[in-house]
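> Place chain H on chain D using the hints.
These protein sequence lines map, in sequence, to chains D and H. Heads up, the first sequence is in this note's numbering, so the first residue is 10 and it goes up one at a time. Heads up, the second sequence is in this note's numbering, so the first residue is 27 and it goes up one at a time.
Because the hints were derived from the structure by calculation, they are not lab data. Values in this document were obtained by computation on a predicted structure and should not be read as measured data. Be aware that one or more of the hints could be misleading.
[Said to hold, decoys possible] Each computed DSBU-like pair below joins lysine-lysine, with the alpha-carbon atoms no more than 35 Å apart:
#: 1; chain 1: H; residue 1: LYS337; chain 2: D; residue 2: LYS87
#: 2; chain 1: D; residue 1: LYS87; chain 2: H; residue 2: LYS193
#: 3; chain 1: H; residue 1: LYS346; chain 2: D; residue 2: LYS41
#: 4; chain 1: H; residue 1: LYS337; chain 2: D; residue 2: LYS61
#: 5; chain 1: H; residue 1: LYS201; chain 2: D; residue 2: LYS65
#: 6; chain 1: H; residue 1: LYS51; chain 2: D; residue 2: LYS87
#: 7; chain 1: D; residue 1: LYS61; chain 2: H; residue 2: LYS101
#: 8; chain 1: H; residue 1: LYS193; chain 2: H; residue 2: LYS119
#: 9; chain 1: H; residue 1: LYS337; chain 2: D; residue 2: LYS41
#: 10; chain 1: H; residue 1: LYS193; chain 2: H; residue 2: LYS101
#: 11; chain 1: D; residue 1: LYS61; chain 2: H; residue 2: LYS344
#: 12; chain 1: D; residue 1: LYS41; chain 2: H; residue 2: LYS119
#: 13; chain 1: H; residue 1: LYS344; chain 2: D; residue 2: LYS87
#: 14; chain 1: H; residue 1: LYS344; chain 2: D; residue 2: LYS41
#: 15; chain 1: H; residue 1: LYS201; chain 2: H; residue 2: LYS51
#: 16; chain 1: H; residue 1: LYS346; chain 2: D; residue 2: LYS61
#: 17; chain 1: D; residue 1: LYS65; chain 2: D; residue 2: LYS87
#: 18; chain 1: H; residue 1: LYS51; chain 2: D; residue 2: LYS65
#: 19; chain 1: H; residue 1: LYS101; chain 2: D; residue 2: LYS65
#: 20; chain 1: H; residue 1: LYS344; chain 2: D; residue 2: LYS65
#: 21; chain 1: D; residue 1: LYS41; chain 2: D; residue 2: LYS61
#: 22; chain 1: D; residue 1: LYS87; chain 2: H; residue 2: LYS101
#: 23; chain 1: D; residue 1: LYS87; chain 2: H; residue 2: LYS119
#: 24; chain 1: D; residue 1: LYS87; chain 2: D; residue 2: LYS41
#: 25; chain 1: D; residue 1: LYS65; chain 2: D; residue 2: LYS41
[Claimed, not checked] Okay, the calculated bits of chain D under chain H, using three or more residues with CB under 8 Å as the criterion:
#: 26; stretch: 43-54
#: 27; stretch: 57-63
The C-beta atom is built at its ideal place from N, Cα and C for all residues, glycine as well.
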Amino acid sequence: MDRNRIIADLTEILRDALNDDALVVTPELRAKDHPEWDSFNHINIIVAAEAKFDVKFNTTEVDGLRNVGDLIALIERKTNKAA
Amino acid sequence: MLFNSSEFLFGFLPLTLAGFLVLSKVARPSWAAAWLVAASFVFYGWWRADFVPLLLASMLFNFAMGLILTRTPSKPILIFGIAVNLAALGWFKYSGFFAEIVNELTHLGVPAPNVTLPLAISFYTFNQIAYLVDVHSGEARERSFVNYMLFVLFFPHLIAGPIVHHKEMLPQFAKPETYRFNLNTFVLGCTAFGIGLFKKVCIADPLASQTDIAFVAAETGLAPSFIDSWYGAVAYTLQIYFDFSGYSDMAVGLGLMFGIVLPINFASPYRATSIIEFWSRWHMTLTRFLTGYIYNPIAMALTRRRLAAGKPTFSRSKPKFEPFMTMVAFPTIATMALAGVWHGAGWTFLIFGLWHGAALAVNHGWRAARRVTHMDRSYGPAGMVIAVIVTFVTVVIGLVFFKSTSMEQAFAVLRGMAGIGDEVELMASREIDPTTMTLLDYLQWRVVSVQGVLMATAFLIVYCLPNTARYLETLSGTMGEQTVRHIVRFPLHLVRRLRDAIVPRYGEFLQGAVVGILMAFAVLRVLSAAPTEFLYFTF
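One chain only, chain D, in its complex shape (with noise of 0.2 Å):
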């Protein structure tokens, strides 16, 4: 799937979940650089994403994020191999 077209929609997930419209996803996204990403609305935003993308984690790849960066990396990750 297409990198920008993955952005844009985490960027519709994550302020949705972080209830912040103003928020600019970047790669370099982290969630301690936002005080509404706590445990719960992570697990809330990787299940929203989950559903967007048609693609299911495990807890394992999920303890492995650091930052956005690397979700838009597993999200491409397994678009690709499903397609």
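Frame of chain D, contents of chain H only:
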């Protein structure tokens, strides 16, 4: 074998180290690794050799499953692997408890199978299930059976953790640098080991008798007095911390002596200002395991289901009661209930888990409420003290269940703590008469004593001294200086000037001297008293 026994300190450890260092030097790393595996078998089998076959079978089975899953990562195979592990654990650890429950419910009189709990089975089962799960998802693979055995068996962590992750262990065993002696790492290891040994034999062991004041009296179901109950329960809270964190420090230290970094297990848990924070500082490797392999999968599955059904999910900025209960409270309490029962088969452990689960859920609710009402400013110094005390008391109450061998005993201690003790019935067994004694007399008798001083010292260490991880960190960094600053924290100007004059010049020396003195005391006690078991060896 116990870390705090003379045969370990003066026989097993020096021999194993010497063999390891010689083999690392003259032979291939795999020989040194094989030596450690052999030594770990001796360490494990020293007490009861008859549990060795089970351990070996468990490793063979899981290694083979790992190979199969590497080639064909299929879910049914993974489930089969986990089921076999859990069945073994269930039979050896829980069959008696289940028989008891069945009998209570049905009066069938199912005979409880007479099985002894194999040493460390809870720990090595967890490690290996995690391994299988991660092999299945492609996160792990291991082709060398020797390295795999070393991951499970490595004697510093085998009996009671830290619960290691193959991701942090297997690469270390494969790395050639591990087998090259490094004096700095070795010194750090000795330091951690020395501190841990001191915590165990000079603080935790002497505290053990103090818990009797509450718990032995309560065995009969009679509640001890208010002060006795609190005194005994707090003594146990201190004992288990010094015992288990002492053991963990020793494990980390032993690992470092062999060039292996084990994860830190404790970070001053009693300084936590909330129960959520407490679990991020207490038995940290268990918390990590529970979060990764139990809480997250449950929470993710629930979230998926809700999303598919179009129901709202929980968010802290717009918290609603129903999503909170199903998506936060339920997975938290379920995870902690399992954690409780992991410690031991019995109602007291289950209640211990449920208590902590409920406390964590309340804590999460409290945070959400503070946020919504815009009260989530920092507490301020007085608020922090109250937060620490509330957290500590929550932990003390949980540990009453943890320590008690029956619910009657736990409730007797708790009744005492609530101030409804059976004073009169217990009076006969005591040398003093609490009804004629003033509170001051009582405190004097109880607290101004060797044990009272010991408790005070333990509290001082808990609240004022840097923890072992911090100590090692500064030791490996700017050798000396920082740590002594932490220790000498008096606000007095004079002390500060003195410190600035001494620390840069003699910091390193002081650090060595402190650990040396601690170790000397500890070794003297090891030689003079029979070694006592670590509290966590029964899990």
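> If a hint holds in the structure, say so; if it doesn't, say that too.
Status of each hint after checking the structure:
no.	hint	in the structure
1	LYS337/H - LYS87/D	holds, 26 Å
2	LYS87/D - LYS193/H	holds, 22 Å
3	LYS346/H - LYS41/D	holds, 24 Å
4	LYS337/H - LYS61/D	holds, 16 Å
5	LYS201/H - LYS65/D	holds, 33 Å
6	LYS51/H - LYS87/D	violated, 45 Å
7	LYS61/D - LYS101/H	holds, 24 Å
8	LYS193/H - LYS119/H	holds, 27 Å
9	LYS337/H - LYS41/D	holds, 27 Å
10	LYS193/H - LYS101/H	holds, 21 Å
11	LYS61/D - LYS344/H	holds, 22 Å
12	LYS41/D - LYS119/H	violated, 41 Å
13	LYS344/H - LYS87/D	holds, 32 Å
14	LYS344/H - LYS41/D	holds, 19 Å
15	LYS201/H - LYS51/H	holds, 15 Å
16	LYS346/H - LYS61/D	holds, 24 Å
17	LYS65/D - LYS87/D	holds, 8 Å
18	LYS51/H - LYS65/D	violated, 48 Å
19	LYS101/H - LYS65/D	holds, 14 Å
20	LYS344/H - LYS65/D	holds, 27 Å
21	LYS41/D - LYS61/D	holds, 23 Å
22	LYS87/D - LYS101/H	holds, 18 Å
23	LYS87/D - LYS119/H	violated, 40 Å
24	LYS87/D - LYS41/D	holds, 25 Å
25	LYS65/D - LYS41/D	holds, 24 Å
26	43-54	holds (count 6)
27	57-63	holds (count 3)
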